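There are 2 protein chains.
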Amino acid sequence: MRKKILLDEKDIPKQWYNLAADLPTPLQPPLAPDGTALNPKMLERVFPANIVEQEISTCRWIDIPQEILEILTIWRPAPLRRALALEKYLKTPARIYYKDESTSPAGSHKPNTAVAQAWYNKKFGIKRLTTETGAGQWGSALAFACSLIGLKCRVYMVRISFDQKPMRRTMMQTWGAECIASPSPHTHAGRAVLKEMPHTPGSLGIAISEAVEDALSDKSGKSRYSLGSVLNHVLLHQTIIGLEAKKQLKIAGEKKPDVVIGCVGGGSNFAGIAFPFICDKIHGAKIEIIPVEPTACPTLTKGPFAYDFGDVAGLTPLLAMYTLGHNFIPEPIHAGGLRYHGMAPLVSQARVEGLIKPRAYDQVKCYESAMLWARTEGMIPAPETSHAIACAIDEANKARQEGKKKVILFCYSGHGLMDLAGYDKFISGKLTRYSLPVHKIRDSLCALKKFPPAKKIKTGKW
Amino acid sequence: MRKKILLDEKDIPKQWYNLAADLPTPLQPPLAPDGTALNPKMLERVFPANIVEQEISTCRWIDIPQEILEILTIWRPAPLRRALALEKYLKTPARIYYKDESTSPAGSHKPNTAVAQAWYNKKFGIKRLTTETGAGQWGSALAFACSLIGLKCRVYMVRISFDQKPMRRTMMQTWGAECIASPSPHTHAGRAVLKEMPHTPGSLGIAISEAVEDALSDKSGKSRYSLGSVLNHVLLHQTIIGLEAKKQLKIAGEKKPDVVIGCVGGGSNFAGIAFPFICDKIHGAKIEIIPVEPTACPTLTKGPFAYDFGDVAGLTPLLAMYTLGHNFIPEPIHAGGLRYHGMAPLVSQARVEGLIKPRAYDQVKCYESAMLWARTEGMIPAPETSHAIACAIDEANKARQEGKKKVILFCYSGHGLMDLAGYDKFISGKLTRYSLPVHKIRDSLCALKKFPPAKKIKTGKW
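Those sequence lines, one after another, are chains A and B.
Just so you know, this note's numbering puts 369 at position 369 of the first sequence, and the rest follows in order with no gaps.
Just so you know, this note's numbering puts 153 at position 153 of the second sequence, and the rest follows in order with no gaps.
Chain A on its own, in the form it takes in the complex:
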């Protein structure tokens, strides 16, 4: 039995898959804060027009430019692996496959969209990208992409991570990016915060505001902002994950997966693995599709579907999505990439339609699963990825109890080599459980009442 299924470079997918083309009900459009329709032209101050075009496209397939494919082939096609040692340990009749996105130079799935975004910006004549980063995975992915494509890059990194994770900063600098602690004296937004709270640890909300302001205030017009998750074009670029996995499952002799799993923060790696299979589900295939989020930030399992800002400062358009309220600040779990108050509109819509069934797991359960994984399969996963692993283990145990030879597929979104502090806490028994009491989100949800309501949707049955 083969441990890994590799695709040849020539078999890399040549198109991205756009779920917007197949959703039973069209996406509800982004709105301006006053509830009026948003003109795509308004987005073009922040993103280049060729990316805005992708953002609003409803074409099913979008060609991947050859030059992007050439950079992606540094690590793509990524291996599909079979977790034989874990299966044996669990004594499960299930066959567990995982799509290994940890092999990119930045160690996660993030470069799939970073490379595409950098390329489209360059093609549009942009010289410089700005972005924010929390734990550093997205910032390093964009730094990597800009380095190879030839763009300047400035990353606003949340102050506390900037101080606690100097190696992530060094990684970005090695790829030539400028990495600045946020709040910074470079922007109005940053200076205002520093004046009020000179010793603040910063937040993703502040860092987004700084990065957007920085791009907008470049008078040459040659700077733009780049986002690592949530938006339609970002999710589109990630579908190469699921499209490759589909080809590889076929090579492995599997007709289809019975269960598809991905962890969710903003939604991009989950969308990457799941969307091509959601397409099959819409067209009749029986597949259970599970996004897994932390109990500390249970957007899809406990939040309402409503119009809300994508960022804390309220600079983005209003998006129709599951949300815990844009003021919600999640507890400091180690899976920093899953600490986001909202959920990608495309993922949210799939939830509304009943196409996906979310779950929430506590981080202690996830680290237990990550430890079992490391000691059977050998690789140390990212804290985010451990959520998908925990769910895959649950599903494999269920398959044993039911005596079913299920095919389980999940996205191994990244390795944990730059994020070992959580393992240290787990091993020394100091890891905290976080389960969000409902009353804690009531206040931040109140703020949503002033926005137009998201439409009720008559959903299909899957």
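Treat the hints with caution; some may be incorrect.
The list treats identical chains as one, so a pair stands whether inside a single copy or across any two.
As the list claims (entries may be wrong) - With a straight-line Cα cutoff of 30 Å, these simulated DSSO-like cross-link-like pairs (lysine-lysine) come out:
{"id": "1", "residue 1": "122", "residue 2": "222"}
{"id": "2", "residue 1": "250", "residue 2": "3"}
{"id": "3", "residue 1": "406", "residue 2": "250"}
{"id": "4", "residue 1": "3", "residue 2": "406"}
{"id": "5", "residue 1": "286", "residue 2": "250"}
{"id": "6", "residue 1": "425", "residue 2": "152"}
{"id": "7", "residue 1": "255", "residue 2": "10"}
{"id": "8", "residue 1": "10", "residue 2": "247"}
{"id": "9", "residue 1": "247", "residue 2": "3"}
{"id": "10", "residue 1": "3", "residue 2": "14"}
{"id": "11", "residue 1": "127", "residue 2": "250"}
{"id": "12", "residue 1": "127", "residue 2": "88"}
{"id": "13", "residue 1": "152", "residue 2": "88"}
{"id": "14", "residue 1": "250", "residue 2": "14"}
{"id": "15", "residue 1": "10", "residue 2": "88"}
{"id": "16", "residue 1": "10", "residue 2": "250"}
{"id": "17", "residue 1": "127", "residue 2": "3"}
{"id": "18", "residue 1": "247", "residue 2": "14"}
{"id": "19", "residue 1": "256", "residue 2": "10"}
{"id": "20", "residue 1": "357", "residue 2": "302"}
{"id": "21", "residue 1": "430", "residue 2": "286"}
{"id": "22", "residue 1": "122", "residue 2": "3"}
{"id": "23", "residue 1": "14", "residue 2": "88"}
{"id": "24", "residue 1": "456", "residue 2": "357"}
{"id": "25", "residue 1": "91", "residue 2": "152"}
{"id": "26", "residue 1": "10", "residue 2": "456"}
{"id": "27", "residue 1": "10", "residue 2": "91"}
{"id": "28", "residue 1": "123", "residue 2": "3"}
These are computed hints drawn from the structure, not numbers from a lab.
Please read all numbers here as calculations on a predicted model, not as lab measurements.
Please build the complex by placing chain B on the supplied structure of chain A, with the hints as guidance.
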């Protein structure tokens, strides 16, 4: 043109290659400290008999047991990649290939032998392995292997690294190993040092002494010691690197490499990539084979060929090798894995025979090369690996000057994601150059005079 050449799992080499079978002059045997011949039985207190058998074998091909192959296929066959972006940047007619050993769960080539050693120990009935580690690469590789094979593992980690690299320690613990700062109160050797110097940063020499003593003093007889480089069996296990590369070069349409490069500390990754090609060279192929060492520890370029201890404390047999003297302490360069006073006897013998042509590079030149690599090829290399990259760049530039379409192959021995501190120093202009003045090794070489001289060898011409 393809960026990477992958082998299918079924094409993984089924045998290791033993250079001892082909060396024009037989290896000079290890000696007891008094100069008498060493009985292999004496080694069996430290290593299991099946490993001692490999250590002294002169069979050309040694079968790789199926169970070892099954674990190696977690990440093997490893990709052979073509450095197209670097070639373009250098405007070289050379074709640069690199064998990517960074894809193992521990991030370097070390697991190739760790898995084999753990398996042979387990098969021999051993329950527990001890070892030492400096920067942590070898310790984490052995922890990984013991975890998957089911052995207990205790790693004595040099105190200064234990304190400065807590993440490497967490990595070992995640794989279930016990990681102890050395000197420790667990051994006579450790206690003696602590009594004299309670605040010592420790050294590899002390850690080796502790690990060996620990294994020897287990009264159950079920503990053994494991070494990550230098010895014949370790180099043997690494030859899978070069054997795979050979198959892959063939797939790429290359008849043979013109230049083969690897960095050298104890010699194991260099041996891995080079030995199968040294075999071709002995049988007539024209190949330049270059081990690259740091100018701070120029064993092969400046040391004499002599009998010396493998460790600082003098616990090992005397080995015929290039050496800077077992008391030599190299400057604190960032490539911790290349800070070794001696050189593997098999690599040393290949040098004596004129089969390889060593070079020494300063670390500043190596980091410059690593930065260029990260910004063209996209991956951040280990500080050790940057020595091989620097040499590959020199050779590619030479090929341009000569107008020759040379085929350059080197071993990309590991990624640098756990060792970014050196990059930080380089970027901030604080990296120190180290070139060893000859007078500094004179004293430690004096100590060799009491040992029997290594025989002069009449060498062939290549």
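Evaluated hints:
In this assembly of identical chains, the alpha carbons of residue 122 and residue 222 lie at most 30 Å apart only when taken from the same copy (10 Å versus 62 Å across copies). Taking identical chains as interchangeable, the C-alpha atoms of residue 250 and residue 3 lie at most 30 Å apart whether they share a chain (15 Å) or sit on different chains (24 Å). Taking CA atoms no more than 30 Å apart as the test, residue 406 paired with residue 250 passes inside one copy only; the shortest distance there is 15 Å, against 40 Å between copies. Taking the shortest Cα distances, residue 3 and residue 406 sit within 30 Å of each other inside one copy (17 Å), while across copies they are farther apart (36 Å).
When the C-alpha separation of residue 286 and residue 250 is checked against a cutoff of 30 Å, the pair qualifies only within one copy, where the shortest distance is 17 Å, while the shortest distance between copies is 44 Å. Within a single copy, residue 425 and residue 152 get their C-alpha atoms only as close as 37 Å, which misses the 30 Å cut-off; across copies the closest is 22 Å, which meets it. When the C-alpha separation of residue 255 and residue 10 is checked against a cutoff of 30 Å, the pair qualifies both within a copy, at 22 Å, and between copies, at 23 Å. In this assembly of identical chains, residue 10 and residue 247 lie within 30 Å of each other by CA distance both inside one copy and across copies; the values are 13 Å within and 20 Å between.
For the homomeric pair residue 247 and residue 3, the shortest alpha-carbon distances inside one copy (16 Å) and between copies (20 Å) are both at most 30 Å. Proximity of residue 3 and residue 14 under a CA criterion of 30 Å is satisfied in both settings, with 26 Å inside one chain copy and 17 Å between copies. Taking the shortest Cα distances, residue 127 and residue 250 never come within 30 Å of each other, neither inside one copy (42 Å) nor across copies (41 Å). Taking identical chains as interchangeable, the C-alpha atoms of residue 127 and residue 88 lie at most 30 Å apart only when they sit on different chains, with a minimum of 22 Å there against 52 Å within one chain.
Taking the closest pair of Cα atoms, residue 152 and residue 88 come within 30 Å of each other only across two copies (21 Å); inside a single copy the shortest separation is 48 Å, beyond that limit. Taking identical chains as interchangeable, the C-alpha atoms of residue 250 and residue 14 lie at most 30 Å apart whether they share a chain (18 Å) or sit on different chains (28 Å). Only between protomers do residue 10 and residue 88 lie at most 30 Å apart by alpha-carbon distance; the minimum there is 21 Å, versus 34 Å within a single protomer. For the identical chains of this complex, residue 10 and residue 250 are neighbours both inside a copy (17 Å) and across copies (19 Å), given an alpha-carbon limit of 30 Å.
In this assembly of identical chains, residue 127 and residue 3 lie within 30 Å of each other by CA distance solely across copies; the values are 27 Å between and 43 Å within a copy. Proximity of residue 247 to residue 14 under the C-alpha cut-off of 30 Å is found in both arrangements, the shortest distances being 13 Å within a copy and 29 Å between copies. Taking the closest pair of Cα atoms, residue 256 and residue 10 come within 30 Å of each other both inside a single copy (23 Å) and across two copies (25 Å). Proximity of residue 357 to residue 302 under the C-alpha cut-off of 30 Å is restricted to the intra-copy arrangement: shortest distance 12 Å within a copy versus 66 Å between copies.
Neither within a single protomer nor between protomers do residue 430 and residue 286 lie at most 30 Å apart by alpha-carbon distance, with minima of 41 Å and 59 Å respectively. With identical chains, the CA atoms of residue 122 and residue 3 are at most 30 Å apart between copies only, with a shortest distance of 23 Å across copies and 39 Å within one. In this homomeric assembly, residue 14 and residue 88 come within 30 Å of each other (Cα to Cα) only across copies, at 24 Å, whereas the closest approach inside a single copy is 36 Å. For the homomeric pair residue 456 and residue 357, the shortest alpha-carbon distance inside one copy (18 Å) is at most 30 Å, but the shortest distance between copies (74 Å) is not.
Proximity of residue 91 to residue 152 under the C-alpha cut-off of 30 Å is restricted to the inter-copy arrangement: shortest distance 23 Å between copies versus 51 Å within a copy. For the identical chains of this complex, residue 10 and residue 456 are neighbours neither inside a copy (44 Å) nor across copies (54 Å), given an alpha-carbon limit of 30 Å. With identical chains, the CA atoms of residue 10 and residue 91 are at most 30 Å apart between copies only, with a shortest distance of 26 Å across copies and 37 Å within one. Within a single copy, residue 123 and residue 3 get their C-alpha atoms only as close as 40 Å, which misses the 30 Å cut-off; across copies the closest is 23 Å, which meets it.
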